[in-house]
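Working from the sequences, and respecting the hints, build out all of it.
Protein chains: 2
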Amino acid sequence: MAEWFTEQLAIVPGMRAQIEVTKKLASERSQFQKLEVYETTSLGRMLVLDDVIQCTEFDEQSYHEMICQVPLFAHPNPQKVLIIGGGDGGSVRECLKHKSVQEVHLCEIDKRVVDLCLEHIPSMAGKVTDPRVHCHYEDGAAWAKNHPDTYDIIIVDSSDPIGPAEVLFQFPFYESCRNALKSDGILATQAENFLLHAKIIKELLSFGKKLFPISRYYYTQVPTYPGGMIGFTFFSRKHAHDELVDKRFAESGIKAEEFRFWSVDFHKKAFTLPGATMRDFYS
Amino acid sequence: MAEWFTEQLAIVPGMRAQIEVTKKLASERSQFQKLEVYETTSLGRMLVLDDVIQCTEFDEQSYHEMICQVPLFAHPNPQKVLIIGGGDGGSVRECLKHKSVQEVHLCEIDKRVVDLCLEHIPSMAGKVTDPRVHCHYEDGAAWAKNHPDTYDIIIVDSSDPIGPAEVLFQFPFYESCRNALKSDGILATQAENFLLHAKIIKELLSFGKKLFPISRYYYTQVPTYPGGMIGFTFFSRKHAHDELVDKRFAESGIKAEEFRFWSVDFHKKAFTLPGATMRDFYS
Chain A
1 MAEWFTEQLA IVPGMRAQIE VTKKLASERS QFQKLEVYET TSLGRMLVLD DVIQCTEFDE
61 QSYHEMICQV PLFAHPNPQK VLIIGGGDGG SVRECLKHKS VQEVHLCEID KRVVDLCLEH
121 IPSMAGKVTD PRVHCHYEDG AAWAKNHPDT YDIIIVDSSD PIGPAEVLFQ FPFYESCRNA
181 LKSDGILATQ AENFLLHAKI IKELLSFGKK LFPISRYYYT QVPTYPGGMI GFTFFSRKHA
241 HDELVDKRFA ESGIKAEEFR FWSVDFHKKA FTLPGATMRD FYS
Chain B
1001 MAEWFTEQLA IVPGMRAQIE VTKKLASERS QFQKLEVYET TSLGRMLVLD DVIQCTEFDE
1061 QSYHEMICQV PLFAHPNPQK VLIIGGGDGG SVRECLKHKS VQEVHLCEID KRVVDLCLEH
1121 IPSMAGKVTD PRVHCHYEDG AAWAKNHPDT YDIIIVDSSD PIGPAEVLFQ FPFYESCRNA
1181 LKSDGILATQ AENFLLHAKI IKELLSFGKK LFPISRYYYT QVPTYPGGMI GFTFFSRKHA
1241 HDELVDKRFA ESGIKAEEFR FWSVDFHKKA FTLPGATMRD FYS
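Protein chains in written order, with our numbering: chain A, 1 to 283; chain B, 1001 to 1283.
Calculated directly from the structure, the hints in this document are not laboratory data. Since we're looking at a predicted model, the values are computed, not measured. A portion of the hints provided could be inaccurate.
Claimed, not checked - On the chain A side, residues computed to face chain B include the following (Cβ under 10 angstroms):
1. P148
2. I214
3. G227
Said to hold, decoys possible - Here are some chain A residues pointing at chain B (derived, C-beta under 7 angstroms):
4. S42
5. L96
6. A198
7. Q221
8. M229
9. R260
10. K269
11. T272
12. Y282
As the list claims (entries may be wrong) - Within a straight-line C-alpha distance of at most 25 angstroms, the following computed SDA-like cross-link-like pairs (lysine to any residue) qualify:
13. K1255/B <-> K255/A
14. K1202/B <-> K199/A
15. K268/A <-> D1280/B
16. K1268/B <-> I214/A
17. K269/A <-> E1020/B
18. K1097/B <-> A276/A
19. K269/A <-> K1247/B
20. K210/A <-> F271/A
21. K1023/B <-> Q18/A
22. K1024/B <-> A256/A
23. K1268/B <-> G44/A
24. K199/A <-> D1265/B
25. K202/A <-> G1044/B
26. K1202/B <-> H1239/B
27. K255/A <-> E1057/B
28. K269/A <-> G1044/B
29. K255/A <-> A1198/B
30. K1024/B <-> Q18/A
31. K202/A <-> Y137/A
32. K1202/B <-> S159/A
33. K269/A <-> K1024/B
34. K1247/B <-> I214/A
35. K269/A <-> K1080/B
36. K1255/B <-> F1271/B
37. K255/A <-> S1283/B
38. K1268/B <-> A276/A
39. K1247/B <-> Y282/A
40. K199/A <-> E1020/B
Quick reminder that beta carbons are idealized off the backbone N, C-alpha and C, glycines included.
Have a look at this one:
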């Protein structure tokens, strides 16, 4: 029997999404949050944390490819990656596509997210058991603070700035991340929707401007997220997003077909926002 | 008292949007369809036809600027424009921003759409009474067929291919539009979401390839549409979308601030789709 899951979007007043679901595969409350996995009518399996849709099999590739491949292809030689959050495993899968990557440290505060996704959504989470992956079930902010000058790439694959992820949208965390990066490191973070959350994004960009020579915002389409898209900050200690991407892709040995969304062209264009948003964010 | 308007999306199974509304400003049934106008909590006023959201004051600029400004700035000297559908007036407003445009013919089958929007959403519809605008309350497909070699630009600002707009998604209509264009004319049409309706879009592109030397698809963000975006076909008899845009904007006398979404860069970027979609649509 199908019924409708209704998302309660605390950060978008007056709009909400409904997804038709056929079966509740898991439902529990961990030390940190409420976790649910559903089978849906037309979007594959779906992970929900504290009543907010985190990902569906239908469109998670867009989010995970774009949060990971943009910093990975912008960096000259990414070897050591830190993922903060990301317990669903989609970002781990993307990082492992690069042969240069020797270690992926997954720092997820809630082990139950990893366990549930491994059990119910292996298309996304299955690579978490790869030998190049090291799981740390710890506070990501503390981890970043305690590992200076360690990573080539840091990916902050977090939920919204309400609940356990709130600290990941504050200045001290960005400072720790900058310090945890090597001198040519790149930080990419989940950074909401530029039409619905411009105020949050401008605050993140102001943190970036204080800490990094390159501080930009980019975005991609995710139909099941509020407003149908999601954006990311791109904070880089040395290289611009489009400086190395052609050469890096050509030399990577990765085929274009390994990505559903990411491409060299889509990478470059993801940084072009509508006219008024460009003026608002950058002038 | 606020309540939730639930969209029933016939063309997207398993997903639907809910918008919080505070007042129903109009509700009637015309000869062609059911029409409703609502006041919403956070999106301004909203037009709904046959239970499908057509536009809100919050994000209609994205749709109307991009369906109109892309062909207008791609054309060397647009003077005579035909809008098929578009009774909400948003496309009329966009076309009139160009001093070169001498006549806008609005061919909307349902006069009640125009009347209701003029009354309740003047921010969008107010320019319909401009002396350069000629309203024809007639069948757009027949109008295009009966006016060969007449227009510089045709904009098909239609609802979805279910109900009165069904004929606007079929080959004979595209043939009529090609013939109604002058030899350097451009046709832009509402063409759905590339992640949810790839099959419809590929059929439209196959029509375009038979009729036009240039046949492309582009898109923009519209948070209140299914999946948060909408795309358009760009079918041109002579000029590519990016051939003249820099020069045309520089010479137009229009300020960047007159647009919330359209810009020269956003115009160019709108044609770059995710990797798999580019391969699917163009190879």
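Hint-by-hint comparison with the structure:
{"no.": "1", "hint": "P148", "in the structure": "violated (36 angstroms)"}
{"no.": "2", "hint": "I214", "in the structure": "violated (18 angstroms)"}
{"no.": "3", "hint": "G227", "in the structure": "holds (3 angstroms)"}
{"no.": "4", "hint": "S42", "in the structure": "holds (3 angstroms)"}
{"no.": "5", "hint": "L96", "in the structure": "violated (19 angstroms)"}
{"no.": "6", "hint": "A198", "in the structure": "violated (12 angstroms)"}
{"no.": "7", "hint": "Q221", "in the structure": "holds (6 angstroms)"}
{"no.": "8", "hint": "M229", "in the structure": "holds (5 angstroms)"}
{"no.": "9", "hint": "R260", "in the structure": "holds (4 angstroms)"}
{"no.": "10", "hint": "K269", "in the structure": "holds (4 angstroms)"}
{"no.": "11", "hint": "T272", "in the structure": "holds (4 angstroms)"}
{"no.": "12", "hint": "Y282", "in the structure": "violated (12 angstroms)"}
{"no.": "13", "hint": "K1255/B <-> K255/A", "in the structure": "violated (43 angstroms)"}
{"no.": "14", "hint": "K1202/B <-> K199/A", "in the structure": "violated (38 angstroms)"}
{"no.": "15", "hint": "K268/A <-> D1280/B", "in the structure": "holds (20 angstroms)"}
{"no.": "16", "hint": "K1268/B <-> I214/A", "in the structure": "holds (23 angstroms)"}
{"no.": "17", "hint": "K269/A <-> E1020/B", "in the structure": "violated (33 angstroms)"}
{"no.": "18", "hint": "K1097/B <-> A276/A", "in the structure": "holds (17 angstroms)"}
{"no.": "19", "hint": "K269/A <-> K1247/B", "in the structure": "holds (21 angstroms)"}
{"no.": "20", "hint": "K210/A <-> F271/A", "in the structure": "holds (20 angstroms)"}
{"no.": "21", "hint": "K1023/B <-> Q18/A", "in the structure": "holds (22 angstroms)"}
{"no.": "22", "hint": "K1024/B <-> A256/A", "in the structure": "violated (49 angstroms)"}
{"no.": "23", "hint": "K1268/B <-> G44/A", "in the structure": "violated (33 angstroms)"}
{"no.": "24", "hint": "K199/A <-> D1265/B", "in the structure": "holds (23 angstroms)"}
{"no.": "25", "hint": "K202/A <-> G1044/B", "in the structure": "holds (24 angstroms)"}
{"no.": "26", "hint": "K1202/B <-> H1239/B", "in the structure": "holds (21 angstroms)"}
{"no.": "27", "hint": "K255/A <-> E1057/B", "in the structure": "violated (43 angstroms)"}
{"no.": "28", "hint": "K269/A <-> G1044/B", "in the structure": "violated (30 angstroms)"}
{"no.": "29", "hint": "K255/A <-> A1198/B", "in the structure": "holds (23 angstroms)"}
{"no.": "30", "hint": "K1024/B <-> Q18/A", "in the structure": "holds (22 angstroms)"}
{"no.": "31", "hint": "K202/A <-> Y137/A", "in the structure": "violated (30 angstroms)"}
{"no.": "32", "hint": "K1202/B <-> S159/A", "in the structure": "violated (35 angstroms)"}
{"no.": "33", "hint": "K269/A <-> K1024/B", "in the structure": "violated (40 angstroms)"}
{"no.": "34", "hint": "K1247/B <-> I214/A", "in the structure": "violated (30 angstroms)"}
{"no.": "35", "hint": "K269/A <-> K1080/B", "in the structure": "violated (32 angstroms)"}
{"no.": "36", "hint": "K1255/B <-> F1271/B", "in the structure": "holds (23 angstroms)"}
{"no.": "37", "hint": "K255/A <-> S1283/B", "in the structure": "holds (16 angstroms)"}
{"no.": "38", "hint": "K1268/B <-> A276/A", "in the structure": "holds (16 angstroms)"}
{"no.": "39", "hint": "K1247/B <-> Y282/A", "in the structure": "holds (24 angstroms)"}
{"no.": "40", "hint": "K199/A <-> E1020/B", "in the structure": "holds (22 angstroms)"}
Hints 1, 2, 5, 6, 12, 13, 14, 17, 22, 23, 27, 28, 31, 32, 33, 34 and 35 from the earlier list are contradicted by this structure; the remaining hints agree with it.
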